[in-house]
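*Asks:* Listed here are the chains, written in short residue letters.
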Amino acid sequence: MSGPFKGVGLASPLLLVLLGLFLAPVLLMLPQSLHEYIPGTGTSEAWTLQNYTRLLTDDYYREIIGRTLWMGSLVTFLCFLLGYPLAYFMARTTPAWRAAATLLVIFPLFLNLVVRSFGWITLLANRGVVNNLLMDIGLIDSPIKMLFNMTGLVIGLTHIYLPFMVLMLLTAIQNVPRDVEQAAATLAASKLRIFFTITLPLTAPGILAGSILVFVLTISALVTPRLLGGPAYKVMATLIYDEFMQKLDWPSGTSFAFILTAITLLIIWGAGRVARKWSGGLA
Amino acid sequence: MARLELEQLRKSYGQVDVVDGVSLAIEEGELVSLLGPSGCGKTTILRMIAGLLEPSGGCIRVAGEDITRTPVARRDIGLVFQSYALFPHMTVFENVAFGLRRRGVRGGSLTTRVEEALGMVQLAHLADRFPRQLSGGQQQRVALARAIAPRPRLLLFDEPLSNLDAQLRDRMQIELKQLQKELGITSVFVTHDQSEAMSISDRICILAQGRIQQFSSPEAIYRDPANAFVATFIGRSNRYAGPLRDGSIAIGGGLALPVRPGEAAQGTEVEAVIRHEDIGVLPAGADGGLHGRVRLRSFIGSRVQYVADLAPGVEIVAEVDAAGPSGGFEPGQEVALKIDMDRAFVAPVAAGAGA
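Protein sequences appear in the order of chains R and X.
Per the UniProt record's numbering, residue 1 is the first one in the first sequence, and the count goes up by one each step.
Per the UniProt record's numbering, residue 1 is the first one in the second sequence, and the count goes up by one each step.
Among the hints, erroneous ones may be present.
Unchecked claim - If you only want the chain X side, here are some residues facing chain R, beta carbon under 8 Å, derived:
no., residue
1, Leu53
2, Ala73
3, Leu79
4, Ser83
5, Phe93
6, Phe98
7, Gly99
8, Arg103
9, Gly107
10, Gly108
11, Leu110
12, Arg223
13, Asn227
If you're looking for bench data, these hints aren't it; they were derived computationally from the structure.
Even for Gly, the Cβ is constructed at its ideal location relative to N, Cα and C.
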C-alpha cells in the first residue's frame with residue numbers, strides 16, 4: 001500500500017459522506033442558535049448567547065435537562081440489570097436455547113415503535129390493564145399513576161432498548177475465554193468470585209458499548225416520551241420538537257439540541273474513562 | 001506435594017471411550033509426562049485430575065485422599081494452560097497474587113511471595129506490566145509463576161510450551177525441570193512432543209486410544225518398547241512386516257532380516273521396527289551388510305540422513321554421524337547397510353495391532 005491509498009485516504013469516501021451529509025448540516029445550524037427569536041417575524045440580526053444561557057439558568061429548562069439525564073441513567077441501569085443475566089444465560093447455554101432466546105430478544109424490534117408505546121398506554125393507564133387487575137384482586141384502592149410520569153417513561157423505554165443491551169452484552173460474554181475462568185477456578189476462586197473478578201471486568205467493553213448505546217438512544221427518543229409522557233411531562237427530545245414544530249422558535253430549538261449533544265459527548269467520554277480504569281485498559 | 005494415584009479412570013462421550021481404564025501412580029515430587037498422538041486422551045486425563053471434567057468412572061487420589069468429586073477450587077492444584085490463560089485486565093503482580101489472595105495471604109507476606117514466585121521465573125522486574133505488554137515466552141513464565149506461587153500439592157501442565165518457538169522451548173524445558181525439582185511438587189505434563197517428554201520427565205506414560213501403552217523411564221521406553229506402537233511412536237524408525245521363515249523375516253524383494261531365536265513362531269506374520277540410527281552405512285561390499293543404493297542425502301547438522309533402496313519397492317532410512325566416515329556418501333552411490341537387529345523391535349503383527 002502506498003500513495004493516496006492508505007490511512008486517511010482509505011477512509012476518505014466514507015469521511016466525505018459523513019462530513020457532507022452529517023456534520024455540515026449540523027454546523028449550518030450553529031449560526032441559527034446565536035440569534036434572538038422574535039415571535040411573528042423570525043430571527044433578529046444581532047448575535048446573542050441568550051438561548052444558551054436561558055436553558056442553563058432557567059429552572060424550568062434545568063429540570064427538563066435533569067429529568068432527561070436521570071431517565072437515561074435509570075433506563076441504562078435497568079437494561080443492564082435485566083440484560084446481563086439474560087445475555088449470560090444465552091452465552092453459556094446450548095446452541096438451541098441460544099437461538100430460541102435470541103429470537104425472543106429480537107422479536108419486539110419487528111413491531112412498530114408507536115404500536116408498542118400504545119400497548120404500554122393500555123397497560124399502564126389509570127383504568128388500564130395493570131391498575132384494573134391490582135384493584136380487582138384488592139391490592140390497591142385507587143389507581144397507581146404510571147402514565148405521564150417517570151415510571152411510565154422508564155418502563156416503556158427499558159422495554160424498547162433492552163434488546164440492544166442484550167445483544168451487545170451477549171457478544172462480550174461470548175468473547176470471555178473459558179480457560180481464563182478455569183484458570184481462576186484452579187487458583188481456588190469460587191464461582192461468584194470468578195464472575196465478579198474475571199467475567200464482569202472482561203466484559204467491560206461490552207457493558208460500556210451497550211450502556212452508551214442505550215443511554216444515547218434513550219435521551220434522544222421522541223416517540224415513546226411523547227406518547228407515555230404526554231404533552232406536559234417533557235424531556236429534552238420532546239422539548240426540542242415542540243420548540244421547532246409548535247412554537248416555531250428555531251433558535252431555541254437549535255441551541256437546546258446543541259446542549260443535548262454536548263452533554264451526550266461529555267458522558268460518553270467520561271464513561272469511557274471510568275470503564276478503562278476499571279478493566280485495566282481493556283475497554 | 002503428594003503422591004497422585006489414578007485408578008481405572010474412565011471418560012466416555014456417548015459410546016466413545018476417550019479414556020478407557022487408566023491406572024497409574026505418580027510418586028511424590030516426580031514429573032510424569034502423558035505422551036501420545038492427538039486424540040489419545042492425555043488432555044482429558046489432565047482435565048479430570050484438575051477437576052475441569054467429570055470422570056465417567058474410576059477414582060483420583062492425592063496423598064491417599066479421594067478427590068474424584070472435589071470441586072476445582074478446593075483441589076489445591078496449579079494448572080498451566082497452553083493458551084497461558086492470564087487475566088488480561090490484571091498486572092503481572094495481580095495475576096500471580098490471585099491464587100495467594102484466595103488462600104488468605106495478605107499484606108507483606110503477599111508481596112514477598114509474589115516477588116519470590118516472579119523471581120523464580122526471572123520476571124521480578126516486569127511486575128507492573130499487563131500481560132498484553134509481554135512476549136509469548138514472558139507470558140508463559142507469568143502463567144508458571146501464577147501456578148506455583150500458592151505452592152499447590154500438584155502441578156499440571158497442558159502442553160505449556162507448544163506455542164513457543166523452538167529455541168525458547170528448549171530453554172524453558174530446562175528451566176521448568178529445574179524449577180520442578182527445586183520445589184519438589186508432583187507434576188503431570190501433557191505433551192505430544194516426544195523429545196520434550198524425553199528431556200523433562202522422570203517417567204513417561206505413553207497413551208493411545210485412551211489406554212496406557214507403556215509407563216516407564218525415558219531410557220526404558222526408548223530402548224525397550226513394550227509394543228509396536230511405542231516402538232514406532234518413539235524415535236524415527238523403519239518398519240517392515242513379513243512372514244517369519246527359517247529365523248528371518250521376508251520383507252519383499254527377496255530380502256530377509258535375521259531375528260533372534262524365540263521372537264516369534266515359525267510362519268507367523270511379524271513386524272520389525274528399526275531405528276534410523278541403528279543402521280550403519282558402509283562402503284559397498286562391506287561384510288554383513290545389505291546391498292543398497294543411496295537415493296537421497298539430507299544434512300541435518302550433526303547428523304546425515306540417507307534414504308536408500310534395498311530392492312525395487314523396499315527402502316530404508318539410515319541416520320549416521322555427519323563427521324564420521326559414513327557421512328560422505330552421495331546419491332547414486334552403492335553402499336552396504338548394516339542393520340543392528342539386536343536393537344530392533346520384533347513382534348508378531350497381531351500383538352502390536354491393538355495399539
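*Asks:* Take the hints in turn and mark each one as holding or not.
*Replies:* Structure-based check of all given hints:
no., hint, in the structure
1, Leu53, "10 Å, violated"
2, Ala73, "5 Å, holds"
3, Leu79, "4 Å, holds"
4, Ser83, "6 Å, holds"
5, Phe93, "12 Å, violated"
6, Phe98, "5 Å, holds"
7, Gly99, "3 Å, holds"
8, Arg103, "6 Å, holds"
9, Gly107, "19 Å, violated"
10, Gly108, "21 Å, violated"
11, Leu110, "14 Å, violated"
12, Arg223, "37 Å, violated"
13, Asn227, "34 Å, violated"
Hint violations for this structure: numbers 1, 5, 9, 10, 11, 12 and 13, all remaining hints satisfied.
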